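Listed below are the residues making up each chain.
Number of protein chains: 2
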Amino acid sequence: MGTDAGTRTRAPRGGAARDREIGRVFQALADPTRRAVVARLALGPASTTELARPFDMALPSFAQHLAVLERCGLVRSRKEGRVRRFHLAPRPLADAEHWIVAQREAWNQRLDRLEAYLRE
Amino acid sequence: MGTDAGTRTRAPRGGAARDREIGRVFQALADPTRRAVVARLALGPASTTELARPFDMALPSFAQHLAVLERCGLVRSRKEGRVRRFHLAPRPLADAEHWIVAQREAWNQRLDRLEAYLRE
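Protein chains in written order, with my numbering: chain A, 345 to 464; chain B, 345 to 464.
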């Protein structure tokens, strides 16, 4: 993988590794529980117990969601004594946002060109 | 569903239906083939054949990806004679972008408050 990226005509923007990372972020955000956790952590760090509280879910299932968020880099955690505290890591969120913005800008530029052409 | 939304303290921003739609968009964007199709359609409409060309994939599998994109509203299609043409529908992309932006803004505002507090 990766080494043949230069021979492909449609290499993903920013490289194959970054494209895979963005894919994992979108996959993580596809789930409503994980979106709610991200939205909670956007307000500030929280422990596993605090994060789990709003959800009617067994703790091992909830821990799986946290693991998915941590694997794709959206959240980080560290142990403080006996408590694990999570915080948001904004870069993967920014990368996903920039991917979407790039598509919308390409689409808008095309509309602008079409409009200019129709006015001529 | 829906009717008890008012009794829940953590109703998703913009309502449960919109939150489900955003989830479907993120799910659609989690796949590299579907991201490539969205990026292609951002440059302008294309037929099924044109869209499938860069991919080493059986047409029924590719058609499944198009169906996922169409179900979540990211793309629309219409039959023109014997050819089905697809185009991007930008609103679901904008909704997904706004969700991400809202989280990043909440996170940045928290950082700003923290900084202001530390400076006092």
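The hints are simulated quantities; they were obtained by calculation from the structure and are not laboratory data.
You may find that some hints are simply not true.
Some chain A residues well away from chain B (every beta-carbon gap over 12 Å; in silico) [said to hold, decoys possible]:
1) ALA380
2) SER391
3) GLU424
4) HIS431
5) PRO434
6) ALA440
If you want a taste of the chain A side facing chain B, the calculated C-beta under 7 Å gives, among others [stated by the list, open to error]:
7) PHE370
8) GLN371
9) LEU373
10) ALA374
11) ALA383
12) ALA386
13) LEU387
14) ALA390
15) PHE399
16) GLY417
17) ARG426
18) VAL427
19) ARG429
20) GLU441
21) ALA450
22) LEU455
These numbers were taken from a predicted model, which means no experiment stands behind them.
Glycine is no exception: its CB is placed at the ideal position from the N, C-alpha and C atoms.
Okay, the hints, checked on the actual structure:
Remark: the non-interface label on ALA380/A conflicts with the geometry, its nearest Cβ contact in chain B lying 7 Å away (cut-off 12 Å). Here SER391/A stays apart from chain B, with its beta-carbon at least about 17 Å from theirs, past the 12 Å limit. Once the 12 Å rule is applied to beta carbons, GLU424/A is consistent with being away from chain B; the minimum gap is 18 Å. For HIS431/A, the condition that its CB be more than 12 Å from all CB atoms of chain B is violated, with the nearest at approximately 9 Å.
Not every Cβ of chain B is farther than 12 Å from the Cβ of PRO434/A; the closest lies at roughly 6 Å, contradicting the non-interface assignment. Interface exclusion of ALA440/A from chain B breaks down, the closest Cβ pair being 6 Å apart, not more than 12 Å. For the restraint placing PHE370/A at the interface with chain B, the shortest Cβ-Cβ distance is roughly 4 Å, inside the 7 Å limit, so the hint holds. At its closest, the beta carbon of GLN371/A sits 4 Å from a beta carbon of chain B; the interface hint therefore holds under the 7 Å criterion.
Satisfaction of the interface hint for LEU373/A is found here, the shortest Cβ-Cβ separation to chain B being roughly 4 Å, below the 7 Å cut-off. The criterion of a C-beta within 7 Å of any C-beta in chain B is met by ALA374/A, whose closest approach is roughly 4 Å, and the hint holds. For the restraint placing ALA383/A at the interface with chain B, the shortest Cβ-Cβ distance is roughly 6 Å, inside the 7 Å limit, so the hint holds. With its C-beta approaching chain B no nearer than about 4 Å, ALA386/A sits inside the 7 Å limit, and its interface hint holds.
At its closest, the beta carbon of LEU387/A sits 6 Å from a beta carbon of chain B; the interface hint therefore holds under the 7 Å criterion. The beta carbon of ALA390/A comes no nearer than 12 Å to any beta carbon in chain B, farther than 7 Å, and the hint placing it at the interface is violated. With a cut of 7 Å, the hint placing PHE399/A at the interface with chain B is violated, because the nearest CB-to-CB distance is about 9 Å. At its closest, the beta carbon of GLY417/A sits 14 Å from a beta carbon of chain B; the interface hint therefore is violated under the 7 Å criterion.
Restraint check, ARG426/A versus chain B: the minimum CB separation of about 25 Å is more than 7 Å; hint violated. At a threshold of 7 Å, the smallest CB-CB gap from VAL427/A to chain B is about 20 Å, leaving the interface hint violated. Proximity of ARG429/A to chain B is violated relative to the hint, the smallest CB-CB distance being about 15 Å (cut-off 7 Å). Hint status for GLU441/A relative to chain B: holds, with the closest Cβ pair at about 4 Å, below 7 Å.
Because the beta carbon of ALA450/A sits about 4 Å from the nearest beta carbon in chain B, less than 7 Å, this interface hint is met. The closest approach between the C-beta of LEU455/A and any C-beta of chain B is roughly 9 Å, which is over the 7 Å cut-off, so the hint fails.
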